[in-house]
Amino acid sequence: SQQGEEDPQALSIQEGENATMNCSYKTSINNLQWYRQNSGRGLVHLILIRSNEREKHSGRLRVTLDTSKKSSSLLITASRAADTASYFCATGGGGFKTIFGAGTRLFVKA
Amino acid sequence: GAVVSQHPSRVICKSGTSVKIECRSLDFQATTMFWYRQFPKQSLMLMATSNEGSKATYEQGVEKDKFLINHASLTLSTLTVTSAHPEDSSFYICSARDRAGGGYEQYFGPGTRLTVT
Numbered sequence: 031s032q033q034g035e036e037d038p039q040a041l042s043i044q045e046g047e048n049a050t051m052n053c054s055y056k057t058s059i060n061n062l063q064w065y066r067q068n069s070g071r072g073l074v075h076l077i078l079i080r081s082n083e084r085e086k087h088s089g090r091l092r093v094t095l096d097t098s099k100k101s102s103s104l105l106i107t108a109s110r111a112a113d114t115a116s117y118f119c120a121t122g123g124g125g126f127k128t129i130f131g132a133g134t135r136l137f138v139k140a
Numbered sequence: 011g012a013v014v015s016q017h018p019s020r021v022i023c024k025s026g027t028s029v030k031i032e033c034r035s036l037d038f039q040a041t042t043m044f045w046y047r048q049f050p051k052q053s054l055m056l057m058a059t060s061n062e063g064s065k066a067t068y069e070q071g072v073e074k075d076k077f078l079i080n081h082a083s084l085t086l087s088t089l090t091v092t093s094a095h096p097e098d099s100s101f102y103i104c105s106a107r108d109r110a111g112g113g114y115e116q117y118f119g120p121g122t123r124l125t126v127t
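If you read the protein sequences in the order shown, they are chains G and U.
Heads up, the first sequence is in the numbering used here, so the first residue is 31 and it goes up one at a time.
Heads up, the second sequence is in the numbering used here, so the first residue is 11 and it goes up one at a time.
Keep in mind the hints are simulated off the structure, nothing from the lab.
For clarity, every value in this text was computed on a predicted model and none was experimentally measured.
Be aware that one or more of the hints could be misleading.
Once the Cα atoms are required to be at most 30 angstroms apart in a straight line, the calculated DSS-like pairs of lysine-lysine come out as [stated by the list, open to error]: (1) G/Lys86 to U/Lys51; (2) G/Lys56 to U/Lys51; (3) U/Lys65 to G/Lys127; (4) U/Lys76 to U/Lys24; (5) G/Lys99 to G/Lys56; (6) U/Lys30 to G/Lys127; (7) U/Lys24 to U/Lys51; (8) U/Lys76 to G/Lys127; (9) G/Lys139 to U/Lys51; (10) G/Lys56 to G/Lys100; (11) G/Lys99 to G/Lys127; (12) U/Lys65 to G/Lys56; (13) U/Lys74 to G/Lys56; (14) U/Lys51 to G/Lys99; (15) U/Lys30 to U/Lys51; (16) U/Lys51 to G/Lys100; (17) U/Lys74 to G/Lys127; (18) G/Lys127 to G/Lys56; (19) U/Lys51 to G/Lys127.
Produce the entire structure from the sequences given, and follow the hints as far as they go.
Pasting the structure below:
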């Protein structure tokens, strides 16, 4: 069964604006990952944050993790039209299974 | 970064036939591979976890006799959809966990789009 719930389900912004997506999960985790998927394509791994980390940066991406609230956020700064995609959080826990959230569809208007 | 390939990328088959999808880790050894299914505009649903040399572990609700998984080597896992029906039409994605290092990160294949007519 799916572990994570993401909001918003869909997000439409203008190029240059920041996009924030949130993810909540239910059980204990070892790590949380964010992935990107262009329509009908495979997944691209964006960033992994371990359960003992609170924040991580990679280029224009900033991920936070709050294990007390069982939630994470992905911030994309200065968004570009090419950022248009679906973004999924995925949690890794016992048994090393990775379970995906429902995803956020981001549309960046040029 | 590590590369995982899938073959074929697209397949169309007739109802009642079987289809085999291959997942290969190209530049690393994968002790564990995972198979996911994704319906349009939905998330990835884990179907099964495949460990090299042992039987796959299926998620609840996934028929193991319908979705046969074989993980014969550290670089190859196959998913066979047996007696496919139109409702099996979906995007199937595999991923592999690198044996080396911490082993947390998974590398995903590009996916296989199955259409059953």
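Query raised in the report: Tell me, which hint numbers fail for this structure?
Result: Every hint satisfied by this model.
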